[in-house]
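K.L.:
Go ahead and model the full structure; you've got the sequences and the hints to work with.
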Amino acid sequence: MRHDIKIKKGLDIPLGGIPEQKILDLRGVERYAVKPPDVVGFTPRLLVAEGDTVTAGQSLVEDKRDARLTLPSPVDGIVETIVRGEKRRLLEVVVCRNNQSTQNIQNTPNTLTPESPCWWMIKERPFGAIANSDHKPKGIYISLRDTNPLAPDLEFVLKGREHEFEAGVKALETFAPVHCVKAEGPHPAGNIGTIVAAIDPLSKGECIWTVNAQDVANIGRWCITGEYRPERVIAVGGPAAKAPHYYRVICGACLKQISEAQVMYESYPAMDGDGQTVAHTRIISGSPLSGSTVAADGFLGMYDQQVCYIEEGDKYDFMGWLMPGLKKFSFSKTFLSGLLGKLGNLEILDTLGMPRPSYNFNTNMHGSVRPFLFTGSFERVFPFDIYPLQLIKACIVGDVELQEKLGIYEVEPEDFALCEFIDPSKTEIQSIIREALEVLRKEATA
Amino acid sequence: MNMKWLEDWFEKIEPKGKWSWLGSTYEAFHTFAFTPKTVTKSGSHIRDAVDMKRSIIIVVIALMPALLFGMWNIGYQTAMSTGADWHWLYMWWFGFLRMLPMIAVSYIVGLGIEFAFAQYRHHEVNEGFLATGLLIPMIVPVTTPLWQLALAVAFAVIIGKEVFGGSGMNFLNPALVARAFLFFAYPTHMSGDKVWIANDLWGSDAIAGATPMGELATGAHPSASALDMLIGTIPGSTCETSFIAIALGAILLLMTGIASWRIMLSVFLGGGAMGLLFNAIGANDYMQLPFYYHFLMGGFAFGAVFMATDPVTAAQTNCGKWIYGLLIGAFAVLLRVCNPAYPEGMMLSILFMNCMAPLIDHCVVAANIKRRERRTAK
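Chains A and B supply the protein sequences, listed in that same order.
Quick note on this note's numbering: the first sequence kicks off at -11 and runs consecutively.
Quick note on this note's numbering: the second sequence kicks off at 5 and runs consecutively.
Since the hints were made in silico from the structure, they are not lab data.
Don't take each hint at face value.
Stated by the list, open to error - In silico DSSO-like links for lysine-lysine, alpha-carbon gap of 27 Å or less: (1) A:Lys126 / B:Lys41; (2) A:Lys192 / B:Lys382; (3) A:Lys126 / B:Lys45; (4) A:Lys10 / A:Lys(-4); (5) A:Lys303 / B:Lys41; (6) B:Lys45 / A:Lys315; (7) A:Lys192 / B:Lys374; (8) A:Lys124 / B:Lys45.
P.N.:
Okay, structure coming up:
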């Protein structure tokens, strides 16, 4: 089923470095990583050891609770390293590709089941966890437009894969009605949370599934040919990217080659608290509003379809609270840039012969943490029938009952990304929501 | 501008070891000079440029027209009453010298207490008092003795704010708590005809001169015209007489989005509706007063623009803001007309609705919860 919806509330952040619509093929990258922590609700049990030869689609880890759920290797190769974190938590399984393809391509149609290698691509809401096949979702939602800053144009990246996309939708339809939704309007119009809230809000006890549009095509390819080749076209951009454009990669690809081509600022010899050299450009896998920081030789996140380069903002700003701020971007109109924009759409500057503001974005917090003082702005970027401030406060105090009443099941941390962005009290809202959801999820699965 | 030397100086003097208890004070001055170089760790990697300091400083800037006009009006009132022939600049200078000690006392006492509390709790010093500390001397009579002002500020900061946990946790507007303290503790210094006009440059001697509302309370028609009240050349609290100067501040607050237009508009709508209702009844002179006089007299406009819109103590939901504002306006006019004991109703009306704001929000949110429950039950 196809829907077109229109969202009014929200904000498109004028972040520089929009990727040019040109795709560079980087499917030849050597190293790949599978990252179990990216898959919410998945408790990994390792199935391979370092040095093992694996084929694309072969399971590397399985879920301890439900052994049908697995995370497969994206390529043929050898397990190079197994990276563990604190308490031996499994962080990454790195596979180094070898060139003899041994994948058994049957060219026979497959049916999508929880055992399929593509199953992890299906996420379940509430909680954004890997889909549980015992649940009966009331719908499967696919967003046809990613509205995150610098996100890929999905129509452009899916060009040529239409029949795979169709096949993927058909495979998903065996579980629940599929809704392909194209949302118009500012971010977060394209977020699944926004879409579901606009079409058929989630209530307690219900669930929906959602798949990234590019992964629908990957599922479709697997269903048609039996070949597990999870490709994604990723948008690479950001104010600190040299030549923003698209890359065609395989899921979990190492970003080293891309970073070498794109990083504008080298590391500089300042030390952080642990005596580490601080890179001057931050590499973000995923949206600049909710993605995760990766090292220069790090890997693409499991569900990410964009990479963003932003300058680290570890610099003091003299009298930042008092200066006119022609280069500062704010959703509030408290800086001259915003006031001018409001007064005459910046045409005043043209007539005065002054340059239009090009905003300086970096990773600076632009202020210190404070209690919530101002109200009313969250509502303007939060297109839900939910009171955001009240829900955030319920999460801070850990009142589960109140969270449920206020609609916690309808949201994901990413739905609060813009609230966090515009918040003058600099509260870590997404973390607060994530922790609250984690408590609820553990209660629900216990 | 290369401020590297100042950066280095701040890093050099950072209190360590036995001085580390001074951290909050150091932090306050450091962040005053420089927006910190902290970077984002989780969640959104980029952040909006606005912060609490910027937001509060907009309020302070918005107060400037009323403050500057108020200073001139202090001198003007004295000159008119004594018959002195002063240049307008001297009038302003006279008012400036009268206001300066009041502002200084307010900031020194208030910020002193704020720093002490922040230091004691190892919190960062909150910038909210930069606005509050300026608001308090702007809403009291010019002849208020400085020791009374100091007591009122201390009361407002400690009882009105810090006992609840500081900025953002208080439920009463601290500036109005200070005024209410003065109003009830030293009523002879806060109302009547003998407090509004300063006799000379120093001290708290006053010249008799009634405010429009003082005259109305005694049954007389105000001697000042609506135009005088619009411009503000009337006796009254130091900086709240000029509707035009307050309107200039309101424009800045609304353009920058710092104050809620819902609250501001609804206070005027509520006051206007109540005024029209009294016009319709018309039982006495006060009731027959044209409704817009209420906007021009006393602290109505100042309260609507700078006090009712305090986001911490106002209703927090959009729907709640309408109810909150309408009731403030209505109650203020009701108190003025029907309660001869209190000539000015705005302060009490806002404080009363501050107390009611959480209840209003509770009801608005409860409606949302009920809507969600109905959907689940379906």
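K.L.:
Does the structure break any of the earlier hints, and which numbers would those be?
P.N.:
Violated: hints 1, 3, 4 and 8.
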